[in-house]
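Asker: Sequence:
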Amino acid sequence: MLDINLIRNQPEFVAEKLSRKGVTVDFTDFLEQDRQRRQLIRQTEDLKAEKNKTSALIPGMKKDGKDITPVLAEMKKISDAVREGDEQLARLDQEQNRFLASLPNLPADDVPAGGKENNQVIKISGEKPAFTFSPKHHVDLVEAAKLIDYTRGAKLGGSGFWVYTGDGARLEWALLNFFIAEHLQDGYQMLLPPHILSYDCGYTAGQFPKFEEDVFQLKREDQESFTHFILPTAETALVNLHRDEIMDEDTLPLKYFAYTPCYRKEAGSYRSEERGMIRGHQFNKIELFQYTVPEQSDAALEELVSKAADLVEKLGLHYRVSKLAAGDCSASMRKTYDIEVWIPSMNDYKEVSSASSAGDYQARRGSIRYRAKKTGKPAFAHTLNASGLATSRIFPAIVEQYQQEDGSILIPEVLRPWMGGQKKIDIAP
RNA sequence: GGAGGGUUGGCCGAGCGGCUUAAGGCGCACGAUUGGAAAUCGUGUUUGCGUUAAUAGCGUAACGAGAGUUCAAAUCUCUUGCCCUCCGCCA
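Residues 177 to 605 in our numbering are what the first sequence lists, from first letter to last.
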């Protein structure tokens, strides 16, 4: 949600920022309606004031035994006028909120305008592994080593699901354990939130109403629209933790991380080059999240990016970091860095972490505030999130980048403690 | 799944149609008192919206949420969220 006062005072400025995201808006009609709306508020509130005054007379008159019939008639008249004003206002409010809620966040000043093609690679770490043999695709590798069972996954859940088996399950869990240990060491608090969330959570995160179709919706038999959904990322849960709260400034920054599977419909987004575990309906992810005061959010974003990058680095994988152009950031975000790992078989980099600052956009939607010490007044907090990390692309990257000529896979050193010291995975007999 | 009870300002808790501008207490802040402190006394102590140069005033709204009855709703009716107790079922 954008600050309506900013739109009132500097509509051209807001429109220009939005155009960098590829969104064209003309606020003329909106501002005119806003003026009318405020005038109606004034009129209706004046009527309410009159109503309150008149109503206060009644008990005294009754006590004195006076005839209150004319006052009752007057009250009736005012009440009807108030009701009419309130109804009209409710309609205008709804219209205005719908419009405001549909506007994406404004990009930060240093974010390039335009779409994907304007993303800037700002860091490349390591080098593409040079194979002395012909490297295999991760699907072939994990099937040979019996790490993932795609066939039975599809039997259980349909296309886009898989089963981790044996060392594959252990490797997956080792990754999560490694991430958890790192985040705990950095002073982040671990959370395990519910996976089923109520509708409001999706609204606060900025995913609803626009992206309602992207999540698995849960509906009660007796209701028309869905009331709950399965979370597409732990971010949706974490951003709602302090919804409708006013926190002490002293408690900020709050640093959390959560492990959840992420459930996404991914309808129509399957591409043939993404066979395997690049894009599934369910994948494991650890999500980092921070609540900060506005002055600290830029530094917090840098911290999150470097934390996520550090994990990929410690796994010994070749990756790069990009700053996304305005149009490639999701709607709620003012600035996003993507960390992309090299997948040899795709000859491309795939996202393993997206680190973003929402500024106060989500805070406004969810009324997430803190009491500013300086003024003593409530102010909107800033929210930031980053994957740390999603395993569904890290796993293939490890398998492909660490593959040996005989089809075995070396286990990155940092993961070995969580795999009983095991150093490599051989192809299954 | 069934039957009850509850939901009120930061917290506890009264109020069950209009003398409530939400009693009283606790906590917190400031002031008085004191050599200093405790105790005591006094004052203040929510958020949104509108108006405004204003974080000053004034107005307005909010007693879990939504709808209704009424001239008037924290208070009555209906729907619903959540919490508690008991019963049933089940991992």
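Mixed in with the good hints there might be a few duds.
Quick list of in silico lysine-lysine cross-link-like pairs, BS3-like style, CA-CA up to 27 Å [said to hold, decoys possible]:
# : residue 1 : residue 2
1 : Lys229    : Lys252
2 : Lys441    : Lys395
3 : Lys549    : Lys526
4 : Lys238    : Lys252
5 : Lys299    : Lys553
6 : Lys299    : Lys386
7 : Lys224    : Lys238
8 : Lys242    : Lys252
It is worth saying that the hints were derived from the structure and are not from the lab. This one's a predicted model, so the numbers in the text were calculated from it and none came from an experiment.
Asker: Looking back at the hints listed earlier, which ones does the structure fail to meet?
Answerer: Violated hints (numbers, rising): 3, 5 and 6; every other hint is consistent with the structure.
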